[in-house]
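Q: Chains as they are written, first to last, in the numbering used here: chain A, 99 to 349; chain B, 2 to 493.
None of these hints come from the bench; they were simulated from the model. Backbone N, C-alpha and C fix where the C-beta goes; we use that ideal spot for every residue, glycine too. Please note: incorrect hints may appear among the correct ones.
Unchecked claim - Dumping the calculated DMTMM-like pairs for lysine to aspartate or glutamate here, alpha-carbon to alpha-carbon at most 25 Å: (1) A:Lys-285 - B:Glu-21; (2) B:Lys-42 - A:Asp-296; (3) B:Lys-42 - A:Glu-273; (4) A:Lys-162 - A:Glu-195; (5) A:Lys-285 - B:Glu-392; (6) B:Lys-42 - B:Glu-277; (7) A:Lys-285 - B:Glu-425; (8) A:Lys-191 - B:Glu-382; (9) B:Lys-42 - A:Asp-252; (10) A:Lys-191 - B:Asp-437; (11) A:Lys-191 - B:Glu-392; (12) A:Lys-285 - B:Asp-389; (13) A:Lys-191 - B:Glu-314; (14) A:Lys-285 - A:Glu-274; (15) A:Lys-162 - B:Asp-483; (16) A:Lys-285 - B:Asp-25; (17) A:Lys-262 - A:Asp-227; (18) A:Lys-191 - B:Asp-389; (19) B:Lys-61 - A:Glu-183; (20) A:Lys-285 - B:Glu-365; (21) B:Lys-42 - A:Glu-274; (22) B:Lys-42 - B:Asp-191; (23) A:Lys-191 - B:Asp-65; (24) A:Lys-285 - B:Glu-26; (25) A:Lys-162 - A:Glu-135; (26) A:Lys-285 - B:Asp-469; (27) B:Lys-42 - B:Glu-264; (28) A:Lys-285 - A:Glu-273.
To be verified - If you only want the chain B side, here are some residues facing chain A, beta carbon under 10 Å, derived: (29) Glu-314; (30) Gln-403; (31) Leu-442; (32) Trp-467; (33) Leu-473; (34) Arg-482.
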Amino acid sequence: MRVALFVTCVNDALYPRTGIAVVRLLERLGVDVDFPEAQSCCGQPQYNTGYRHETEPLLRRTAKAFAGYEYVVTPSGSCAAMIREHYPRIGRKAAGEGRGTELAEAAESLAPRVYELTEFLVDVLGVTDVGAYFPHTVTYHPSCHGLRSLGLGDRPRRLLAAVKGLDLVELPGAEECCGFGGTFAVKNPDVSAAMGTDKIDNAAASGAEVLCGADNSCLAHLDGLLRRADAPLRAVHLAEILAATEEEPLS
Amino acid sequence: MTGTYLGMPAFPAFPEAAGEAVRDEVLRANLRHATHTIRDKRARAVAELEDWDRLRAAGKAIKDHTLRHLDCYLLQLEESVTAAGGTVHWAADADEANRIVTDLVRATGEREVVKVKSMATQEIGLNEALEAAGIAAYETDLAELIVQLGHDRPSHILVPAIHRNRGEIRDIFRSEMGSWGRPAPEGLGDDPRELAEAARLHLREKFLRAEVAVSGANFMVAETGTMVVFESEGNGRMCLTLPETLISVVGIEKVVPTFRDLEVFLQTLPRSSTAERMNPYTTMWTGTAAGDGPSAFHLVLLDNGRTDTLADETGRQALRCIRCSACLNVCPVYERAGGHAYGSVYPGPIGAILSPQLRGTGSEIDATLPYASTLCGACYEVCPVAIDIPEVLVHLRERVAQGGPVTREGIRVTLRPAHGHTAERAAMRAARLLLDRPGALRAGERLLARARRLAPRRLPGPGRAWTDTRALPAIPAESFRDWWTRERGTSQ
Ligand code: SF4
Chain A
99 MRVALFVTCV NDALYPRTGI AVVRLLERLG VDVDFPEAQS CCGQPQYNTG
149 YRHETEPLLR RTAKAFAGYE YVVTPSGSCA AMIREHYPRI GRKAAGEGRG
199 TELAEAAESL APRVYELTEF LVDVLGVTDV GAYFPHTVTY HPSCHGLRSL
249 GLGDRPRRLL AAVKGLDLVE LPGAEECCGF GGTFAVKNPD VSAAMGTDKI
299 DNAAASGAEV LCGADNSCLA HLDGLLRRAD APLRAVHLAE ILAATEEEPL
349 S
Chain B
2 MTGTYLGMPA FPAFPEAAGE AVRDEVLRAN LRHATHTIRD KRARAVAELE
52 DWDRLRAAGK AIKDHTLRHL DCYLLQLEES VTAAGGTVHW AADADEANRI
102 VTDLVRATGE REVVKVKSMA TQEIGLNEAL EAAGIAAYET DLAELIVQLG
152 HDRPSHILVP AIHRNRGEIR DIFRSEMGSW GRPAPEGLGD DPRELAEAAR
202 LHLREKFLRA EVAVSGANFM VAETGTMVVF ESEGNGRMCL TLPETLISVV
252 GIEKVVPTFR DLEVFLQTLP RSSTAERMNP YTTMWTGTAA GDGPSAFHLV
302 LLDNGRTDTL ADETGRQALR CIRCSACLNV CPVYERAGGH AYGSVYPGPI
352 GAILSPQLRG TGSEIDATLP YASTLCGACY EVCPVAIDIP EVLVHLRERV
402 AQGGPVTREG IRVTLRPAHG HTAERAAMRA ARLLLDRPGA LRAGERLLAR
452 ARRLAPRRLP GPGRAWTDTR ALPAIPAESF RDWWTRERGT SQ
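Excised from the complex, chain A in its bound form (with noise of 0.2 Å):
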């Protein structure tokens, strides 16, 4: 099987070892990968923010770039979000306003091709068990775009649980959001570090040593507070758990 890799502007600037990690699980599990390097940003923070129309091109650009894959998968439950939520919704509204179907008829059809990774693995792949080995406690805290938009339920727990020394805590106070949100931590930067540290506080409390999470921004706010607190938790991206082995270890 072969697949291409939407790896998200903020993988592939800030964490490419999340990207690289999805690469070494995907092809551990028999998957060809392929990564179109025509792919940009999904026009996330664009289109939160109110710039619906800045966003049109990001919308184009990455329809036409992953066009005749059968299967994308990201590491990022808010952007795969994006474009199975919104990018419909963008594309009916630029026809509403007398420009034509192309950006509709382009959402549609990617739409339902895009898989968040754990939907992949459990979905499409039909495995829990990827064969990871990470001898550590951990807490999951599943980003609300994952949670809510795309009701990925239980999968990445599961996926986690599967994992070969790997104890996994319940995190209290789980379902709240972490207070990102994208431009939200920077308007509302007093909200946002309240709501970033009663999480990072609860994971503490967790008693993991790793703050696991499948979205990379939040987890950015969230160990940016970790870190300036000089916690003893790390933040880090389910791939990389996932891709790690005995053999090769997260490093």
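With chain A held as given, fit chain B with the ligand onto it using these hints.
A: Coordinates of chain B with the ligand only, in the frame set by chain A:
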């Protein structure tokens, strides 16, 4: 007394007001305790109903249908209310509604009214308008009473004094009750039962004396002309039955077609709002009846921006709201920012989409409200009429950031982008231009990687908001794109 909300642009922008609330430890503790208690209870009450999803869909469908034919149902309602002996008045805005109510009270010759808790009368600042006309308005809902006595503003739709704890309430009762009527009993403590008893005695005197009552309504039935009020304490029922004259001020979106439609909301509203299977008091009245209840009934139908909201395809779903306040109780932003930060009688997620539609996005507070959310979606998930609040928030952000068509007083106009977004707009455009050229993006990433050791601990400008509390991510030596090329060569 309490300030007028709608139409008053004097409130500070949301981020500043919220920032202040975040630093108020007592407020945060009060809110956290109250919202978490009620949200857990609500989840249990909702889980008892197997057909919750279908009830939610039905509520949405009834409201959407009614809104689509609002003109017809309002005319039908006017006919039924009139036939039942009531009088219907139409108010285009807050001023007109206040004038109508003031004139009606004056005509009775009375100088005071008792009030049933109502969002609509708060929205238009009725108490202040009556006060200016020399008429005293007494709130009779316990929480509203606390707010009124405390010279305070409500901070929650259902529990207006949610930001107060028992000790604070006892202090307010002790120092203020005397100047409004019967004083608080000697040595009043902060036991909830004691506080409730003090309020009961204080209010009893008002109920027995009042000749005029002012209320809102949760629902109006077009078919029969019936008004419906849901409440927990029974104080509303006292106001609705004892006085001679009853004046109800109700937003036009509160109409439902038939009596049967109430079946759905009788199940979803109490469970969503107070986590009760059924609310303790449901009072319904249809016009007037000789020897039973008020002998004069006036219905003031309030528009105040609702028709304009209805004209917006995406935003109109906000008019489905049944004011259950479930969205407030699950909102992590409301929990930290408190209700006052929203500068409106409608706080929380629903307030963030309703106020900028009813009032427009012209003022600073209204231009910042659509951004008062992380778009986490918890509000949409609990809303019993399935209002996609995040969708409307993004839609309104677009209005603020890019401008666009809106309807104001029935006229279609094109709004220009709000002030203060010029730099952001330029940054978004520049980012998009870069992101739309993978070659330039790669060059940018390499530049970043080369300068990684120079990365500052604190950023200037808007970036400061991030680095004040959070460390920046470390910049990697190589982007994913470059790693891929190095490892695999180009793929396409
Ligand atoms: S928006 Fe929905 S959840 Fe919020 S108060 Fe209105 S009906 Fe209740």
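Q: Which earlier hints turn out false for this structure, listed by number in ascending order?
A: none
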